[in-house]
Amino acid sequence: MTARLRSPWTAVPCAVAVVAVLDLVEPFGVRLGHLIGGLLTADLAVRAGLFTIVLVGLNLLMGYAGQASLGQAAFYGMGAFASAILTVRAHVLGIPPEVVSAWWWPWVVMVAAACAVAAFAWAVGWVILRLRGHYLAMATLGLGIMVYIVLRENLGMPHLNLTGGFDGIVGVPRLRLGSAALWPVGVYLLVVWAAALACVALGENVVHSPAGRALRAIHGSEAAAESVGVDVGALKARIFALSAGLASVAGSLYAHFQAAVVPDTFGFVPSLELVVMSAVGGMRTVWGAPLGATVVLLLEQLLRTHLLGLVPAVSGELEPVVFGVLLILLMRFRPSGLVQAAPAP
Amino acid sequence: MADRRATPELVGQRVAAAIPTPRPAARRLPPAALLLVGAVALLVLAGRRLGYGLAEYAQLLVDGLATGSVYALVALGFVVVYRVSGVINFAQGAFVMLGPMLCISLLGPLPDTAAGLLLAALVATAACAASGALLHRLALHPLRDAAPLARIIVTVGAYVSIQGIALKVWGPRPYVLPAFTTLSMADRLVDVGGVVVQAQSLWVWGTALVTFAALGAFFEGTVAGKAMRACAVNRTAARLVGIQVDRMGTLAFALAATLGAVGGIVLAPSTRPTFDMGLELGLKGFVASIAGGLVSFPGAVAGGIALGVLESLWAGVVLAGFKDLFAFAMLVILLLTFPRSRAASEESA
Numbered sequence: 001m002t003a004r005l006r007s008p009w010t011a012v013p014c015a016v017a018v019v020a021v022l023d024l025v026e027p028f029g030v031r032l033g034h035l036i037g038g039l040l041t042a043d044l045a046v047r048a049g050l051f052t053i054v055l056v057g058l059n060l061l062m063g064y065a066g067q068a069s070l071g072q073a074a075f076y077g078m079g080a081f082a083s084a085i086l087t088v089r090a091h092v093l094g095i096p097p098e099v100v101s102a103w104w105w106p107w108v109v110m111v112a113a114a115c116a117v118a119a120f121a122w123a124v125g126w127v128i129l130r131l132r133g134h135y136l137a138m139a140t141l142g143l144g145i146m147v148y149i150v151l152r153e154n155l156g157m158p159h160l161n162l163t164g165g166f167d168g169i170v171g172v173p174r175l176r177l178g179s180a181a182l183w184p185v186g187v188y189l190l191v192v193w194a195a196a197l198a199c200v201a202l203g204e205n206v207v208h209s210p211a212g213r214a215l216r217a218i219h220g221s222e223a224a225a226e227s228v229g230v231d232v233g234a235l236k237a238r239i240f241a242l243s244a245g246l247a248s249v250a251g252s253l254y255a256h257f258q259a260a261v262v263p264d265t266f267g268f269v270p271s272l273e274l275v276v277m278s279a280v281g282g283m284r285t286v287w288g289a290p291l292g293a294t295v296v297l298l299l300e301q302l303l304r305t306h307l308l309g310l311v312p313a314v315s316g317e318l319e320p321v322v323f324g325v326l327l328i329l330l331m332r333f334r335p336s337g338l339v340q341a342a343p344a345p
Numbered sequence: 001m002a003d004r005r006a007t008p009e010l011v012g013q014r015v016a017a018a019i020p021t022p023r024p025a026a027r028r029l030p031p032a033a034l035l036l037v038g039a040v041a042l043l044v045l046a047g048r049r050l051g052y053g054l055a056e057y058a059q060l061l062v063d064g065l066a067t068g069s070v071y072a073l074v075a076l077g078f079v080v081v082y083r084v085s086g087v088i089n090f091a092q093g094a095f096v097m098l099g100p101m102l103c104i105s106l107l108g109p110l111p112d113t114a115a116g117l118l119l120a121a122l123v124a125t126a127a128c129a130a131s132g133a134l135l136h137r138l139a140l141h142p143l144r145d146a147a148p149l150a151r152i153i154v155t156v157g158a159y160v161s162i163q164g165i166a167l168k169v170w171g172p173r174p175y176v177l178p179a180f181t182t183l184s185m186a187d188r189l190v191d192v193g194g195v196v197v198q199a200q201s202l203w204v205w206g207t208a209l210v211t212f213a214a215l216g217a218f219f220e221g222t223v224a225g226k227a228m229r230a231c232a233v234n235r236t237a238a239r240l241v242g243i244q245v246d247r248m249g250t251l252a253f254a255l256a257a258t259l260g261a262v263g264g265i266v267l268a269p270s271t272r273p274t275f276d277m278g279l280e281l282g283l284k285g286f287v288a289s290i291a292g293g294l295v296s297f298p299g300a301v302a303g304g305i306a307l308g309v310l311e312s313l314w315a316g317v318v319l320a321g322f323k324d325l326f327a328f329a330m331l332v333i334l335l336l337t338f339p340r341s342r343a344a345s346e347e348s349a
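Chains S and G, in that order, give the protein sequences.
Per the working numbering, the first sequence starts with residue 1, numbered consecutively.
Per the working numbering, the second sequence starts with residue 1, numbered consecutively.
Please note that the accuracy of each hint is not assured.
As the list claims (entries may be wrong) - Label-pair distances were calculated between CB atoms; the ranges are:
1. S:Asp264 / G:Ser184: 46 to 56 Å
2. G:Ser184 / S:Gly186: 51 to 61 Å
3. S:Asp43 / G:Gly242: 52 to 62 Å
Said to hold, decoys possible - A few chain G residues that don't get close to chain S, going by computed Cβ distances all over 10 Å:
4. Gly38
5. Gly51
6. Gly116
7. Pro148
8. Gly157
9. Ser161
10. Gly293
11. Asp324
What the hints assert, rightly or not - Sample of chain S residues facing chain G (criterion: CB under 8 Å; computed from the structure):
12. Trp126
13. Glu153
14. Met157
15. Arg332
Derived from the structure by calculation, the hints contain no laboratory data.
All C-beta atoms, glycine included, are put in the ideal place defined by N, C-alpha and C.
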């Protein structure tokens, strides 16, 4: 996939071509039929869509602006828990039940949570984005783990039991639009992917705007960007806020999809997984987001279900090992990911 | 630095920037030290409200010193690798886990004696050193010119792989390494003026002290140690005088893995080692190394011990559930107050 994918109009034929080749060549004895029947389940497709939303933000932050984040799952988790708490445990906070049961309430919560998370990230970003390279990665990692611990420890208010501690919250209601439930999963799939593609479009717009060019300038050299009039600090904080807001929306959609949220979904390892997806897809492209999410999830699924068949005497438990090794090999041989960055316009 | 033409002024500036400015003799306290004093004062005040007396504080201090020594050992591993090869080695935690796990497995067929335990510990440490060297050779050496993020991701990938193998080999259950004094699960408790000290804590302190001394002797007294210090000062210059910089990188990874394994093994009897213990200890070790400035060996030791003690005070005084929060809050605060992390460093380019 060295093709320089610049827009959906070249990406879509490429995707079709890949699918067609998969069907003809049958690598590892995996046929397209298997992919659809066994691997590419609706559940996986929904999760790929959710991760696409997170990754669009992460790619803008890491790939374009060059600011590493090893704590992105925290924002995803904040969105998910905000939605779960404000729909399931709203009574604890004294929100009247008739409001909570209205169809528009989860949507309001989703938007409000995204704004709040973005504001939080903006404030934090002003401070921690002064760090560079390794140090920024470590600070975001620390931040991510702190958020995880706060979620796990009931926000420090055990008497309210808002987050449910280790066990999390179950029974998050499905989304509705008016009186129409956005369920079964096939319908939700469309909703999530519509949102994901909207985010990709948003990302493409950002990239091709003056802000996008300024971001790339920051990646090249902050001093140079500053000297040509880019407000580096403000722009970095804003892009951090945007990526956090997108992650929060994805988290809200996740909570309504999974109907249950537990803190472990948003810890350190998931943050890492997001970076892997971003690296696999290609950080310096927006279209790397859906590709990275889909490829990594399919790969995990493949390892889980087919590893036993491929290598006898090896069970699916080795999934993280293969995952880690693939990551090392990818960084070694294809550090810019599967989709190459388009030349700067 | 948009313009990279080497005008005399620019060259002059760069040379000037490269020469470390001598520090004035009476310098201000580093921000980390101020933070430390403030944090201790706050925690002690909070403890007073709970009615803590001297004995309680001494107990918390003793507990904190033991874990702090282990953090210090792990932190030294971070510093060795960072100074010699400029990498922050996320896989460090993996060796903190591998050390005790291998030791426990090796102990199985060996006799239940002090000699057996010592042999198992030595072989496990050597195996960790070898895998550290292997990690550098296979995964990091090929990427020596890559961007920092790529190298971080590689060490993370290595960590995930090693932990995955550990899960496969040892499973998710916690294991038991016998206490060094009694050679059984139950450790001997020493009562020092009302403060209860586990005998294992004494082993931790002793081992840590011996390791610090050995490390100091290695860097001061051996050719390899001096060569590694030369790499840390200036890699190009080190190469020019005939030091094999890449080999020193491998040695640094082996040394770091050894330090991690030793820390893990001495800590193991007072915890229950599991396949995923490396994550927490690795991250705490990293926090400790940052606290010490990331390039200083005494700083890493001080950082580790300070972190252990503070964390113990925090857990005793505030909320046990939030014990881990403290280290990571410290991490963020320290990074922000640590001037090197904000300077336009060469590695972020």
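The hints, checked one at a time:
no.: 1; hint: S:Asp264 / G:Ser184: 46 to 56 Å; in the structure: violated (34 Å)
no.: 2; hint: G:Ser184 / S:Gly186: 51 to 61 Å; in the structure: holds (60 Å)
no.: 3; hint: S:Asp43 / G:Gly242: 52 to 62 Å; in the structure: holds (59 Å)
no.: 4; hint: Gly38; in the structure: holds (18 Å)
no.: 5; hint: Gly51; in the structure: holds (22 Å)
no.: 6; hint: Gly116; in the structure: holds (30 Å)
no.: 7; hint: Pro148; in the structure: violated (5 Å)
no.: 8; hint: Gly157; in the structure: violated (3 Å)
no.: 9; hint: Ser161; in the structure: violated (3 Å)
no.: 10; hint: Gly293; in the structure: holds (12 Å)
no.: 11; hint: Asp324; in the structure: violated (6 Å)
no.: 12; hint: Trp126; in the structure: violated (11 Å)
no.: 13; hint: Glu153; in the structure: holds (4 Å)
no.: 14; hint: Met157; in the structure: violated (11 Å)
no.: 15; hint: Arg332; in the structure: holds (6 Å)
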